[in-house]
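Please build the complex by placing chain B on the supplied structure of chain A, with the hints as guidance.
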Amino acid sequence: MFDVKKYYDVDNLGVALSLLSKEPHLIVIAGGTDVLIKMQHGWNQEETELLGINRIAELKGIRMLDNGDIEIGALCNFNQIEEDATLQENIIPLVEAAASIGGPQIRNVATIGGNICNGVTSADSASTLFAYDAKLKLSTERSERIVPISEFYMGPGKVALESGELLTHIIIPKESYEGYQGRYIKFARRKAMDIATLGVSVNYRIDEASGCFEDLRIGLGVAGPTPLRCIEAEEYARGTKVSEEGIAGIAGKAVLSSHARTSWRASKEYREHLIEELVAEALLSITDGVRGEEDE
Amino acid sequence: MNRMQINFTLNGKDIHLEIEPGETLLEIIRKRLGEIGTKKGCGVGECGACTVLVEGRPVDSCIYLGIWVNGNDVRTVEGLAAKDGNLSEMQEAYIEDGAVQCGFCTPGFLMSATAMKENGRKYTREEVKRALSGNFCRCTGYKKIIEATEKGLKS
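Taken in sequence, the protein lines are chains A and B.
By the numbering used here, the letter at position 150 of the first sequence is numbered 790, and the numbering carries on one by one without gaps.
By the numbering used here, the letter at position 82 of the second sequence is numbered 113, and the numbering carries on one by one without gaps.
Simulated from the structure, these hints should not be mistaken for lab results.
Among the hints, a few may not be true.
What the hints assert, rightly or not - Only some residues are given here: those of chain A computed to face chain B with a beta carbon under 10 angstroms: (1) Lys-645; (2) Lys-646; (3) Tyr-647; (4) Gly-671; (5) Leu-676; (6) Thr-688; (7) Asn-694; (8) Arg-695; (9) Ala-739; (10) Gly-742; (11) Gly-743; (12) Pro-744; (13) Ile-746; (14) Val-749.
Just so you know, even glycine gets a beta-carbon here, dropped at the ideal spot from N, CA and C.
Just chain A, with the same shape it has in the complex (with noise of 0.2 angstroms):
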């Protein structure tokens, strides 16, 4: 039995965000897959009054709208995500990051919102949502606004979301995806039923012409207080060939932009090892079709 004081059931969107509004003290539970863990360890000192979200069908779908944006529903849940045609076709990482989540019974329920307003930096959906510069929409019973993915997370559990606002729909733009070729890497010591140890979301954009990378993306997970991008290797590699010389340089630089640490699961210099390994290896792995030259 959880300590719930009051639970407001609310299948309409317009509801929830009044209710928000009036009572800004109320806790936004949807797949309660971190909520409810939360509450057992006994977060609050005084019961706590719940606002279940997870009955509105407007925040559940994941489409693509007319000017080529997708737009992910915040209660979307990861066995949804992985599943989905939309995705699969144009943002594989987050399919793989869907995928890399919990087992079967945790995908059916937790959301892709709450991964992301739980504020974590081994959420896996947020590395790559970082690396595709992920728009979050937040409603208030009054008013809406965009935030950039990064300038979302401020910290360890904590995100910018405002007395009385509602994360809705996720919003991944075209040009952010569009011509990218990307792949999310999980490490962590099992296969399923486990936190990253680190994550990493990498996409990239070619020149054709030069055998060059255009554009490359790297998102972080657990290398520092929140998920991040690195910066550096970022602009080192605008220009830098894709080769396997062009890409251990980008994995190199990598590390720089991190802020890992130790903990029980990784130190922070296996950690830093684990940035440099794993971004070459999710480099490397998908782009063989265009490293076809160096061997000769």
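Same frame as chain A, but now just chain B:
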């Protein structure tokens, strides 16, 4: 305490209950309805001993609020056998292959395996392992469980 009304079906039977908002589906199934085939293991959604099917999909009932099944179809291990008492093909496969040691994890495994069978997909060995990855067997009898699941999927 603000009590709530829920209606759902458990193994085909209509259930109407007044519950407290913090009650889990596991507590409702075991304590209120007395169906104790579904086990409580870790209590934090890691071991899968409490796996039940909600609308045909496996969920960990220990971290699933009872209020969420309002209007839904819920199935537990008690609902796998036919009305005449004949066990399901998956249950028979588990018995034939000796996929049960202490038995505590078995109801959860059976529910995950039943969900696989009912969705009609073909599974490779690796896919079987992945589909069962949310269920732990601490006797570590995975080999027999995987083989039995494959047999149950084929029969």
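Each hint, compared with the structure:
For Lys-645(A), the interface hint holds, the least distance from its beta-carbon to any beta-carbon of chain B being 7 angstroms, beneath 10 angstroms. For Lys-646(A), the interface hint holds, the least distance from its beta-carbon to any beta-carbon of chain B being 5 angstroms, beneath 10 angstroms. Because the beta carbon of Tyr-647(A) sits about 3 angstroms from the nearest beta carbon in chain B, less than 10 angstroms, this interface hint is met. Given the 10 angstroms rule on beta carbons, the hint for Gly-671(A) holds: about 9 angstroms separates it from the nearest Cβ of chain B.
Look at Leu-676(A): its Cβ gets to within about 5 angstroms of chain B, closer than 10 angstroms, so that hint holds up. Interface hint status for Thr-688(A): upheld, as the beta-carbon distance to the closest one in chain B is roughly 8 angstroms, under 10 angstroms. Residue-level restraint check for Asn-694(A) holds (minimum Cβ-Cβ distance to chain B is 7 angstroms; threshold 10 angstroms). Using the Cβ-Cβ criterion of 10 angstroms, the hint placing Arg-695(A) at the interface with chain B is satisfied: the shortest such distance is roughly 8 angstroms.
With 10 angstroms as the threshold, the beta carbon of Ala-739(A) comes within range of chain B, its nearest partner Cβ sitting at about 9 angstroms, so the hint holds. This hint holds: Gly-742(A) has a C-beta 7 angstroms from the nearest C-beta of chain B, less than the 10 angstroms allowed. Hint on Gly-743(A) holds. Least Cβ distance to chain B is approximately 2 angstroms, under the 10 angstroms limit. For Pro-744(A), the shortest C-beta to C-beta distance to chain B is roughly 5 angstroms, which falls under 10 angstroms, so the interface hint holds.
Of the supplied interface hints, the one on Ile-746(A) holds, with its beta-carbon coming within about 6 angstroms of a beta-carbon of chain B, less than 10 angstroms. Given the 10 angstroms rule on beta carbons, the hint for Val-749(A) holds: about 6 angstroms separates it from the nearest Cβ of chain B.
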